[in-house]
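Protein chains: 2
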Amino acid sequence: MGRNLVYPKVDKNTVHRKSDRASYDLQTIHSIINSTPVLHVSFNSGDPEDPFPTILPMIGTMASFEYPSADLNEPLDCYLHGYVSSGIMKRARSTSGNALPITIAATRVDGIVLSLTPNSHSYNYRSAVLFGYGSLVEDSEEKMWAMQTVTNSVVPSRWDNARSPPDGSEMASTTILKVKIVNGSGKIRTGGPGDEKKDMEREDVVGRVWTGVLPIWETVGEPVRGGAGLVDQVPEHIRIFQNNMSETNEDYAKTAAKAKSPAGKGY
Amino acid sequence: MGRNLVYPKVDKNTVHRKSDRASYDLQTIHSIINSTPVLHVSFNSGDPEDPFPTILPMIGTMASFEYPSADLNEPLDCYLHGYVSSGIMKRARSTSGNALPITIAATRVDGIVLSLTPNSHSYNYRSAVLFGYGSLVEDSEEKMWAMQTVTNSVVPSRWDNARSPPDGSEMASTTILKVKIVNGSGKIRTGGPGDEKKDMEREDVVGRVWTGVLPIWETVGEPVRGGAGLVDQVPEHIRIFQNNMSETNEDYAKTAAKAKSPAGKGY
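Order-wise, the sequence lines are chains A and B. Okay, so the first sequence: first residue is 256 according to the numbering used here, each after it adds one. Okay, so the second sequence: first residue is 256 according to the numbering used here, each after it adds one.
It is possible that part of the hints are untrue.
Which copy? The list can't say, so a pair holds if one copy fits it or any two copies do.
Once the Cα atoms are required to be at most 25 Å apart in a straight line, the calculated BS3-like pairs of lysine-lysine come out as [stated by the list, open to error]: (1) 345 with 509; (2) 453 with 398; (3) 515 with 267; (4) 264 with 345; (5) 398 with 273; (6) 452 with 264; (7) 513 with 345; (8) 267 with 453; (9) 345 with 273; (10) 273 with 513; (11) 513 with 264; (12) 398 with 515; (13) 264 with 398; (14) 435 with 345; (15) 398 with 435; (16) 345 with 453; (17) 509 with 398; (18) 452 with 345.
If you're looking for bench data, these hints aren't it; they were derived computationally from the structure. Keep in mind it's a predicted model, so treat the numbers as computed, not measured.
Turn these sequences into a full structure, and let the hints steer you where they fit.
See below:
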């Protein structure tokens, strides 16, 4: 669509440290969220005696029910999947206006960057943080759509290749939290080590210390049959996912390791 | 030492959902934290107008400066590595009593669990959450020790195999946040799908839907030379790390995929 939407840069989401690695671009941030298997979701309990934010690992995806064909570079909601009696769902239900302030984080590690000195060691990584207000999805059509969207975000086409749709008791026991995003930011590092002049000039250092990147990626291994299904052959939707995922991850990590190093110090 | 210390089970850290997967055991929780490359650290800004917890990806490790030989099953502090001017360090410095309430989360995904119905799909995973009070490490001996400990937690023996110790300006620009842990919990899932009786009895379902686990693990790839170092051959400490890490991760994910399925519903 030729647009390049960005989240507004305000104090809360502005990356100060290594700001050249920052991104406020919706497409970049939404892609990181959607390609991370588990999100960390943080919120406050509301109890003034409890100073600690809660953090939960949750499964979720960016999508739009109003505009299902929306691209990743368009405004999207974050749909989080959970159990009806879980703490976060109770908290969202009891929050005034049914809008719980929520922070969502996703980080993927793509490599370990080994420079001359430990101080400039780093990771190649992709990280994203979103801020928004969570409320429970009450509309049954939207809820069903969100369950399908979240399922297919884990393994594409899985919904149609399993026993769906869920029945009444499954619908009742599942809760979908929809987070309306108000802001966010991303940070990405690629490339080799950023060594410092003072070390590069020392022959004893450059002659002794190995520098470079150890690429790291998530491999999806050979499917292990289990459970009650009687199907022996691994179906196509799983084979495609397995191969695509492993290849995409490996390619990204290796390309990131070989990318031009960032200017300045490494970490 | 024959002890099996656990974090106290209070309202804040008690796992209600799928409580049979919960662990309060120090060794289990500390192991998850120490084997996760990047931690998510959450805290509140202190601004009453800002309802969103902040989440930062950070590098850190559990260790004890007072008892450096302490095992993972003993009380440990979480040492987090950061830059002196970063927001969290400023926040810790300005917090009364120099003790900022912090929540630390680590989650590792070990597999995708595909059951007969999307509703009981799940991940095999290991997750840990810790609650504690963060303060800046002021003692220079403890700070140097923590920098070394954090570096070696990423790649064992790297400290001695790089240009160390850091010089004065590197010491000044680095801040270590020490989090005194007051509580925590862990949650682990292994095994195949937990299918439900109502689906297992349907021939059309068990005859059509593939069920099982896709094991997932982090692979450490062939080191890519870069940066200013002139050493050509990949040194032993890196080879050992590369092989150990990939093997350990792969073994864990495959073993988890083949483990006995948990009782009851799957996810």
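Each hint, compared with the structure:
In this assembly of identical chains, the alpha carbons of residue 345 and residue 509 never lie at most 25 Å apart, being 43 Å within a copy and 35 Å across copies at closest. With identical chains, the CA atoms of residue 453 and residue 398 are at most 25 Å apart between copies only, with a shortest distance of 22 Å across copies and 58 Å within one. In this assembly of identical chains, residue 515 and residue 267 lie within 25 Å of each other by CA distance neither inside one copy nor across copies; the values are 30 Å within and 45 Å between. Proximity of residue 264 to residue 345 under the C-alpha cut-off of 25 Å is restricted to the inter-copy arrangement: shortest distance 20 Å between copies versus 32 Å within a copy.
Proximity of residue 398 to residue 273 under the C-alpha cut-off of 25 Å is restricted to the inter-copy arrangement: shortest distance 23 Å between copies versus 40 Å within a copy. Taking the shortest Cα distances, residue 452 and residue 264 never come within 25 Å of each other, neither inside one copy (33 Å) nor across copies (51 Å). In this assembly of identical chains, the alpha carbons of residue 513 and residue 345 never lie at most 25 Å apart, being 47 Å within a copy and 34 Å across copies at closest. Taking the shortest alpha-carbon separations for residue 267 and residue 453, neither the intra-copy value of 35 Å nor the inter-copy value of 49 Å comes in at or below 25 Å.
For the homomeric pair residue 345 and residue 273, the shortest alpha-carbon distance between copies (16 Å) is at most 25 Å, but the shortest distance inside one copy (38 Å) is not. Taking identical chains as interchangeable, the C-alpha atoms of residue 273 and residue 513 lie at most 25 Å apart only when both belong to the same chain, with a minimum of 20 Å there against 43 Å between chains. In this assembly of identical chains, the alpha carbons of residue 513 and residue 264 never lie at most 25 Å apart, being 31 Å within a copy and 47 Å across copies at closest. Taking the shortest Cα distances, residue 398 and residue 515 never come within 25 Å of each other, neither inside one copy (44 Å) nor across copies (32 Å).
Within a single copy, residue 264 and residue 398 get their C-alpha atoms no closer than 32 Å, and across copies no closer than 34 Å, so neither meets the 25 Å cut-off. Taking CA atoms no more than 25 Å apart as the test, residue 435 paired with residue 345 passes inside one copy only; the shortest distance there is 18 Å, against 29 Å between copies. With identical chains, the CA atoms of residue 398 and residue 435 are at most 25 Å apart within one copy only, with a shortest distance of 15 Å there and 41 Å across copies. Taking CA atoms no more than 25 Å apart as the test, residue 345 paired with residue 453 passes in neither setting, with 56 Å inside one copy and 28 Å between copies.
For the homomeric pair residue 509 and residue 398, neither the shortest alpha-carbon distance inside one copy (39 Å) nor that between copies (34 Å) is at most 25 Å. For a Cα distance limit of 25 Å, the shortest separation of residue 452 from residue 345 qualifies neither inside one copy, at 55 Å, nor across copies, at 28 Å.
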